[in-house]
Amino acid sequence: MKTMTRRLTLTLALTGALAASAAALAVAADKDLIVFDWSGYEDPSFHQKYVEKNGDSPTFTFFGDEDEAFEKVRSGFKADLGHPCSQSVVKWREAGLLQPLDTSKISAWKDLNPGIMAMKDLATTADGKAWFMPWDWGNTQLTYNSDKVDAKDVQSLKAFADPKFKGRVSIGDNVDDAYALASLAIGLKDWTKMTDDQFKQASDFLREVHKNVRSYWTDSTDIVQLFSGGEVDLAWAWNDATVQSVAAGVPIKAKKDTDEGISTWVCGYVLFKDAPGNTDKAYDYLNAINDPEVAKVLVKDWGYGQANAKGMEGVDQAVLKEKGYDDVQKFVDKTLFQSPVPSELKLKMIAEFEKIKAGY
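Here the sequence shown stands for residues -28 to -1, 1 to 332, numbered as in mature numbering (1 follows the signal peptide of the UniProt record, and there is no 0).
Bear in mind the hints are in silico, worked out from the structure with no lab data behind them. Hints may contain errors.
[As the list claims (entries may be wrong)] Straight-line alpha carbon distances no greater than 25 angstroms define the calculated PhoX-like cross-link-like pairs of lysine-lysine that follow:
#1 Lys272 x Lys227
#2 Lys272 x Lys138
#3 Lys318 x Lys306
#4 Lys161 x Lys272
[Said to hold, decoys possible] Restraint ranges, calculated between C-beta atoms of paired labels, are given here:
#5 Asp122 x Gly68: 25 to 35 angstroms
#6 Thr167 x Ile322: 33 to 43 angstroms
#7 Ala219 x Asp299: 18 to 28 angstroms
#8 Asp122 x Ala67: 20 to 30 angstroms
#9 Gln170 x Asp28: 18 to 28 angstroms
#10 Glu294 x Asp122: 30 to 40 angstroms
#11 Glu40 x Pro314: 16 to 26 angstroms
#12 Asp299 x Lys161: 29 to 39 angstroms
Beta carbons are placed, not taken as given, at the ideal position from N, Cα and C, and that holds for glycine.
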């Protein structure tokens, strides 16, 4: 989804920093399968069953954002599996980079969350072909230092543009999350139907937010450091920013019940058209990460949900409650789902966000 290293754990901060500066960095293991991924997802706890069956982890190579990954693959880089998010799947598919998935080889395909599977042009196309296996999902949400910020002062997402927070705000260096925030702030829940006037309203809101931004964070380690160093008190951030900050002893809370709501994204795996490796091992990997037991790791250690509904059902209720997944339906009516937007609109967002960050 982005100009950042997606969902990075503190324990993998060094790897993430290296990946950000050198996208070609690879963690070499099983040469028969190359996974092009966000740094951090090489964590063996996600694919233990692959290791058990094949004797080693796949070879991982990393990208810092999806546009970078897209350009690299389009320019001839070869990998077997990739890990895009909902906003990029259509772009990758329409560019001819992908091949359809054989769902008969994905054992828990039928257990994938019905709500996620129903998202238009995401997992499947109208002709019934499957192109994307949803795997991890979560939120971008208002996150704040509860020692320095009163909850009542951040009941609305408009707080990001409130002059009282000048120099105390951080949002991601990420066009998708930025326009998700702006869309919610102007009362728009379905950004695929954004009008020209709404685009202007959203962009104007981001210009006001820019006046308060101390730093645009580039990965979860970055925003956790901004919070822990006392540089910012209010952020638009992913679930793991709260998980990691609390683990680091910083009093950070996520506020899902703002007046305007939260944003939800979905990421997952695709099979590249010219995959050079062993296709059977590619499906071994998809089955390994889609194993219901993996949900316990994603929720507890990362603060994310697994798209496998049975996996989420198997997570301890207390852990689900702690991470905010015990009553997902409670927030559905105030959620902007980051479903794919028309290509023309996406290009407008990218160009305008660059101007906003430059102060124009």
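Query raised in the report: Is it true that the C-beta distance of glutamate 40 to proline 314 lies inside 16 to 26 angstroms, as the hint says?
Result: holds (22 angstroms)
Query raised in the report: Can the restraint linking lysine 272 and lysine 227 be considered satisfied, given a maximum Cα separation of 25 angstroms?
Result: holds (18 angstroms)
Requested in this report: Indicate whether the distance between the beta carbons of threonine 167 and isoleucine 322 respects the range 33 to 43 angstroms.
Outcome: violated (18 angstroms)
Query raised in the report: How does the Cβ-Cβ distance of glutamine 170 and aspartate 28 compare with 18 to 28 angstroms: does it lie in that range?
Result: violated (50 angstroms)
Query - 29 to 39 angstroms as the expected CB spacing between lysine 161 and aspartate 299, which holds or is violated - result: violated (19 angstroms)
Query - Distance restraint between lysine 161 and lysine 272, which requires alpha-carbon spacing of 25 angstroms or less - result: violated (29 angstroms)
Query - Satisfaction of hint between lysine 138 and lysine 272, Cα-Cα up to 25 angstroms - result: violated (34 angstroms)
Requested in this report: Look at the Cβ atoms of aspartate 122 and glycine 68 and judge whether their distance stays inside 25 to 35 angstroms.
Outcome: This hint is violated: roughly 52 angstroms between Cβ atoms.
Query raised in the report: Are glutamate 294 and aspartate 122 spaced within 30 to 40 angstroms by their CB atoms?
Result: violated (23 angstroms)
Requested in this report: Confirm or reject the claim that aspartate 122 and alanine 67 have a C-beta distance inside 20 to 30 angstroms.
Outcome: violated (47 angstroms)
Query raised in the report: Does the Cβ-Cβ separation between alanine 219 and aspartate 299 fall within 18 to 28 angstroms?
Result: holds (24 angstroms)
Query raised in the report: Given the hint that lysine 318 pairs with lysine 306, does the C-alpha gap stay at or below 25 angstroms?
Result: holds (22 angstroms)
Violated hints, in rising order: 2, 4, 5, 6, 8, 9, 10, 12; the structure is consistent with all others.
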